[in-house]
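Colleague: Listed below, chain by chain, are the residues.
Number of protein chains: 2
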Amino acid sequence: MILQDFEKKIFKFIRDYKIFNKYDKILLGVSGGKDSMSLLHVMSKLSKTMGFEISVAHLNHCMREEADNDEAFVRQACWKLKIPFFSKKVDVFTYSKKNKVGVEVAGRKLRYEFFYETLRRLSYNKIATAHHMDDLFETMIYRILRGTGIYGLGGLIPIEEEITKPMLCVDLEEIKNYVTINNIEYVEDKYNYSLDYARNKIRYEITPLFKKINPRYKESFFRLAKIIWSYREEVKRKFEERSEISKDSLKLRLENDFFDGEIIRIAFLKFGKYPPNMEETEKIIKMRKGGVRKINGLSITKKSDSLLVKI
Amino acid sequence: MILQDFEKKIFKFIRDYKIFNKYDKILLGVSGGKDSMSLLHVMSKLSKTMGFEISVAHLNHCMREEADNDEAFVRQACWKLKIPFFSKKVDVFTYSKKNKVGVEVAGRKLRYEFFYETLRRLSYNKIATAHHMDDLFETMIYRILRGTGIYGLGGLIPIEEEITKPMLCVDLEEIKNYVTINNIEYVEDKYNYSLDYARNKIRYEITPLFKKINPRYKESFFRLAKIIWSYREEVKRKFEERSEISKDSLKLRLENDFFDGEIIRIAFLKFGKYPPNMEETEKIIKMRKGGVRKINGLSITKKSDSLLVKI
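Protein sequences, first through last, are from chains A and B.
Position in the first sequence counted from 1, then plus 417, gives you the numbering used here.
Position in the second sequence counted from 1, then plus 417, gives you the numbering used here.
One or more hints might be untrue.
Intra- or inter-copy, both count: the list cannot distinguish identical chains.
[Said to hold, decoys possible] Capping the alpha-carbon separation at 25 Å, the derived lysine to any residue pairs in SDA-like fashion look like this:
hint, residue 1, residue 2
1, K643, K655
2, K700, E651
3, K643, Y434
4, K628, N694
5, K700, I576
6, K720, E657
7, K653, T565
8, K435, E577
9, K628, M695
10, K628, T565
11, K635, R560
12, K618, R640
13, K499, K628
14, K628, K668
15, K429, F675
16, K629, Y614
17, K653, R670
18, K618, R633
19, K700, F428
20, K439, I598
21, K643, R560
22, K618, D588
23, K435, K664
24, K439, R640
25, K517, R481
26, K526, F685
27, K629, G519
28, K465, F503
29, K635, Y568
None of these hints come from the bench; they were simulated from the model.
This one's a predicted model, so the numbers in the text were calculated from it and none came from an experiment.
With these hints in hand, go ahead and build the complete structure from the sequences.
Modeller: Structure representation (structure tokens):
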């Protein structure tokens with residue numbers, strides 16, 4: 418099978434970051450927009466080269482008139498490509514109102530809930546979404562503006578637990594070229610136009626200014642993201658080295674270096690809690706021996722050079 | 418002596434980052450603009466509290482009609498505050514043309530040359546410049562757009578060798594308030610208006626958009642910078658641990674972790690050479706044993722788990 422440049426690029430990215438291997442069973446999140454239709458076509462081709470299995474999950478969010486047509490469109494595309502198709506209808510608006518969360522947040526929550534349900538039902542092991550380099554770069558800027566450390570600055574990650582993003586290495590322009598050249602049909606995902614205020618400002622006002630300063634700004638962001646992904650691996654290794662996990666607590670060995678703060682933040686994430694900010698982290702590190710603190714729902718005790726973190 | 422909030426903030430920053438101590442002899446770079454006139458007043462006050470010595474260096478760049486008046490203005494201010502004043506006249510335009518470098522680059526080069534000359538002549542040990550939080554944030558954005566790793570993302574650094582920047586913790590608005598409240602006179606540093614294209618775009622077009630997304634965006638950048646300054650310390654520690662320096666070469670021990678790349682880049686900086694980019698660094702790490710490469714003027718040999726770097 419001959420791969421096009423676009424497909425080769427994704428293939429290389431998948432190999433470099435060990436995103437998929439031969440025995441994977443991958444659920445693709447496909448809305449029907451050009452991003453996810455590209456994902457569908459590339460993954461369908463690569464499944465033949467690499468040998469993994471794929472199915473498609475589509476959440477019908479009932480958020481606009483065309484929602485049922487979109488579902489039928491993706492179902493049809495899967496039928497043509499001989500790929501199993503699963504869908505579910507959920508009323509995102511109602512959920513959003515009932516739970517008092519934004520439509521964006523509600524949509525994401527319900528989508529991933531559906532993905533995980535389907536994953537378990539099929540005994541699949543990975544979920545793939547169509548996030549691309551423009552999403553990556555926007556997320557990085559958004560995070561810097563809202564406040565982030567180095568770990569969080571990576572933004573979107575190629576592979577983290579079951580969630581994979583094999584298209585982070587291509588940008589929207591390349592996606593547009595790919596669907597045009599290959600006559601790939603897609604639906605206009607009007608949902609995009611309802612992006613929140615910050616995302617809109619970044620996409621339509623800030624990005625053009627970045628482009629004027631450096632037409633290749635996206636590559637700068639992508640390169641930095643790659644360095645941070647590798648930094649995250651280092652932080653995780655340090656966490657493994659310095660932590661001991663028991664039933665309801667975590668013992669962290671402090672080594673009085675830069676990573677003390679990073680492993681404390683990971684400990685909070687392990688318990689599903691919001692990590693302390695920089696100043697709070699500093700305070701934890703500087704706690705006196707025998708001291709106890711309660712932070713974001715976790716109780717922390719200092720014993721000689723270790724921290725005991727408990728729910 | 419009672420310190421104002423603005424002065425206290427700088428005092429705390431100086432202590433937190435160990436920028437100055439009692440026995441320091443500090444040369445202040447003062448152009449006469451509001452930033453450096455604030456530096457002059459704060460440092461004059463702190464010299465009495467902390468006990469260090471200060472002098473002022475002013476480069477008359479001959480770039481506009483008012484240059485001689487600016488020099489006289491700073492001289493007068495120093496005379497009033499009883500602070501030794503040193504100046505030098507240099508024709509930046511002529512230097513810029515002769516050496517085919519931009520006026521900004523020429524100005525910076527000549528300024529620091531003059532600072533170091535004066536530093537040595539007085540047997541002083543530190544130089545202080547008036548860079549502030551807006552400069553820090555602009556530099557960070559500029560670097561990300563042009564391409565940077567984590568190390569470089571820190572932008573401006575509170576203390577690096579002789580150069581110190583004690584005002585990175587305050588922004589332009591706070592500086593404006595400080596000069597207004599204290600009736601500190603300053604010259605309009607029109608030089609600022611000749612900023613290069615990228616800086617102008619960042620300052621006058623991108624910044625207002627950032628502000629709309631998060632009015633406290635500067636604090637987000639500042640917090641990230643602080644994390645990266647601490648990261649830089651970690652990288653330097655790793656370099657110390659893993660390097661052996663001899664007359665004309667450097668031996669680096671590779672440990673197959675994230676820091677291999679960072680210590681290789683520092684090695685290049687040690688020899689005053691431009692560091693390799695990410696892809697080149699990866700290639701160096703993956704060199705086969707016994708292999709030799711020549712990169713940016715340095716010759717690199719791989720021996721078991723070490724790299725030998727030579728001029």
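Colleague: Decide, hint by hint, whether the structure agrees.
Modeller: A quick look at each hint next to the structure:
| no. | hint | in the structure |
| --- | --- | --- |
| 1 | K643 with K655 | both (19 Å within a copy, 21 Å between copies) |
| 2 | K700 with E651 | both (23 Å within a copy, 19 Å between copies) |
| 3 | K643 with Y434 | within (10 Å within a copy, 30 Å between copies) |
| 4 | K628 with N694 | between (32 Å within a copy, 22 Å between copies) |
| 5 | K700 with I576 | between (32 Å within a copy, 24 Å between copies) |
| 6 | K720 with E657 | within (19 Å within a copy, 30 Å between copies) |
| 7 | K653 with T565 | both (18 Å within a copy, 23 Å between copies) |
| 8 | K435 with E577 | within (11 Å within a copy, 39 Å between copies) |
| 9 | K628 with M695 | between (32 Å within a copy, 22 Å between copies) |
| 10 | K628 with T565 | both (23 Å within a copy, 16 Å between copies) |
| 11 | K635 with R560 | both (16 Å within a copy, 13 Å between copies) |
| 12 | K618 with R640 | both (23 Å within a copy, 23 Å between copies) |
| 13 | K499 with K628 | neither (41 Å within a copy, 49 Å between copies) |
| 14 | K628 with K668 | neither (47 Å within a copy, 41 Å between copies) |
| 15 | K429 with F675 | between (33 Å within a copy, 21 Å between copies) |
| 16 | K629 with Y614 | both (22 Å within a copy, 9 Å between copies) |
| 17 | K653 with R670 | both (14 Å within a copy, 22 Å between copies) |
| 18 | K618 with R633 | both (20 Å within a copy, 16 Å between copies) |
| 19 | K700 with F428 | between (45 Å within a copy, 21 Å between copies) |
| 20 | K439 with I598 | neither (28 Å within a copy, 69 Å between copies) |
| 21 | K643 with R560 | both (16 Å within a copy, 16 Å between copies) |
| 22 | K618 with D588 | both (19 Å within a copy, 24 Å between copies) |
| 23 | K435 with K664 | neither (31 Å within a copy, 42 Å between copies) |
| 24 | K439 with R640 | neither (28 Å within a copy, 43 Å between copies) |
| 25 | K517 with R481 | within (20 Å within a copy, 60 Å between copies) |
| 26 | K526 with F685 | within (21 Å within a copy, 47 Å between copies) |
| 27 | K629 with G519 | between (33 Å within a copy, 20 Å between copies) |
| 28 | K465 with F503 | within (21 Å within a copy, 74 Å between copies) |
| 29 | K635 with Y568 | both (19 Å within a copy, 19 Å between copies) |
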